[in-house]
Amino acid sequence: VAPGQALDMLLTGDRMGAEQAQRIGLVSRLASDNASLLDEVRAFAQRIAVKPPTASAFVKQAARAALDMDLKRGLDLELDLFALLAPTQDAREAAAAFSERREPRFTGE
Amino acid sequence: MSTAQNQQPPVLINEAVRLERDAMVGWVILTRPRQINAINDDIRQGVPQALAQLQQDPQIRVIVIRGEGERGFCAGADIKERRGPESSLQVRQRMEKVRWIEALDGISKPVVAAIHGYCMGGGLELALACDIRFAAPDAVFALPETGSPA
Numbered sequence: 158v159a160p161g162q163a164l165d166m167l168l169t170g171d172r173m174g175a176e177q178a179q180r181i182g183l184v185s186r187l188a189s190d191n192a193s194l195l196d197e198v199r200a201f202a203q204r205i206a207v208k209p210p211t212a213s214a215f216v217k218q219a220a221r222a223a224l225d226m227d228l229k230r231g232l233d234l235e236l237d238l239f240a241l242l243a244p245t246q247d248a249r250e251a252a253a254a255f256s257e258r259r260e261p262r263f264t265g266e
Numbered sequence: 151m152s153t154a155q156n157q158q159p160p161v162l163i164n165e166a167v168r169l170e171r172d173a174m175v176g177w178v179i180l181t182r183p184r185q186i187n188a189i190n191d192d193i194r195q196g197v198p199q200a201l202a203q204l205q206q207d208p209q210i211r212v213i214v215i216r217g218e219g220e221r222g223f224c225a226g227a228d229i230k231e232r233r234g235p236e237s238s239l240q241v242r243q244r245m246e247k248v249r250w251i252e253a254l255d256g257i258s259k260p261v262v263a264a265i266h267g268y269c270m271g272g273g274l275e276l277a278l279a280c281d282i283r284f285a286a287p288d289a290v291f292a293l294p295e296t297g298s299p300a
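Order-wise, the sequence lines are chains A and B.
For the first sequence, the numbering used here begins at 158 and goes up steadily by one.
For the second sequence, the numbering used here begins at 151 and goes up steadily by one.
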């Protein structure tokens, strides 16, 4: 969220609805209705959960680190993490599943 | 998708926090619906404990935090939590022990906040410490701290 938006909320204490919150980037996803939130979140979480867990953890690590890194160091970190992942079983599984046109099954190894 | 055999019995961390495992997803649930899940010491201690358990569990790949009850995710600090008068030093020392939202920093797995209804003050801070925020259309966000008692 941009500093101006954050300070607006901090200084006024005004309430903000879900659509406005999405517009300013405070939330990234909106459920289609109130009653379906948990079902939609469950399906959403499951979609991330079937991805290779080490790659997810590295993406999170790199994105968080990028907040206080210059571009050069950020790209260095990305390359290091990419090199760590390249020889993993999950990376091979992704390539195999793609060429065999099937869903991959990731183990975290 | 989740199936019944992948669901394990819920773990009651304390009166204010419950942990559920559903297939590869771990759920941290705030269980003070009558107080709109207002933050008390049970929540400050229970959420980091639940997160630590899910972080260590190799079966769990994604974590979701949500609040129980119809009214909201979390209304912020429980201003009914009464304490005696404290000096600035005492406040600093007490709060230092429960910098609980920083527990999210130690979690390498993706964390999603599932937000409905009120998401205010410390509740919004908790949501902001998650990686992804997924909201219901009825969600309401605010940071009313400057006008609040504490």
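Because the hints were derived from the structure by calculation, they are not lab data.
Treat each hint with caution, since some may be false.
[To be verified] One side only, chain A facing chain B, incomplete, derived with CB under 8 Å:
1. L167
2. A178
3. R180
4. R186
5. A188
6. L194
7. R199
8. F201
9. A202
10. I205
11. A206
12. Q218
13. L228
[Claimed, not checked] Chain A is faced by these chain B residues, among others (derived, beta-carbon under 7 Å):
14. M174
15. Q209
16. A253
17. L254
18. G256
19. S258
20. V262
21. A279
22. I282
23. A286
24. P287
25. D288
26. P294
[As the list claims (entries may be wrong)] Straight line, CA to CA, 16 Å or less: simulated EDC-like cross-link-like pairs of lysine to aspartate or glutamate:
27. B:K230 to B:D192
28. A:K208 to A:D165
29. A:K208 to A:E266
30. A:K217 to B:D281
31. A:K217 to B:D255
32. A:K217 to A:D237
This structure is a prediction, so every number in the text was calculated from the model and none was measured.
Think of the CB as a built atom: it goes at the ideal place given N, C-alpha and C, for glycine as much as any other residue.
Hints versus structure:
no.	hint	in the structure
1	L167	5 Å, holds
2	A178	5 Å, holds
3	R180	12 Å, violated
4	R186	4 Å, holds
5	A188	5 Å, holds
6	L194	4 Å, holds
7	R199	6 Å, holds
8	F201	6 Å, holds
9	A202	4 Å, holds
10	I205	5 Å, holds
11	A206	4 Å, holds
12	Q218	7 Å, holds
13	L228	22 Å, violated
14	M174	4 Å, holds
15	Q209	10 Å, violated
16	A253	15 Å, violated
17	L254	10 Å, violated
18	G256	12 Å, violated
19	S258	4 Å, holds
20	V262	6 Å, holds
21	A279	11 Å, violated
22	I282	6 Å, holds
23	A286	4 Å, holds
24	P287	5 Å, holds
25	D288	5 Å, holds
26	P294	4 Å, holds
27	B:K230 to B:D192	14 Å, holds
28	A:K208 to A:D165	37 Å, violated
29	A:K208 to A:E266	12 Å, holds
30	A:K217 to B:D281	8 Å, holds
31	A:K217 to B:D255	11 Å, holds
32	A:K217 to A:D237	14 Å, holds
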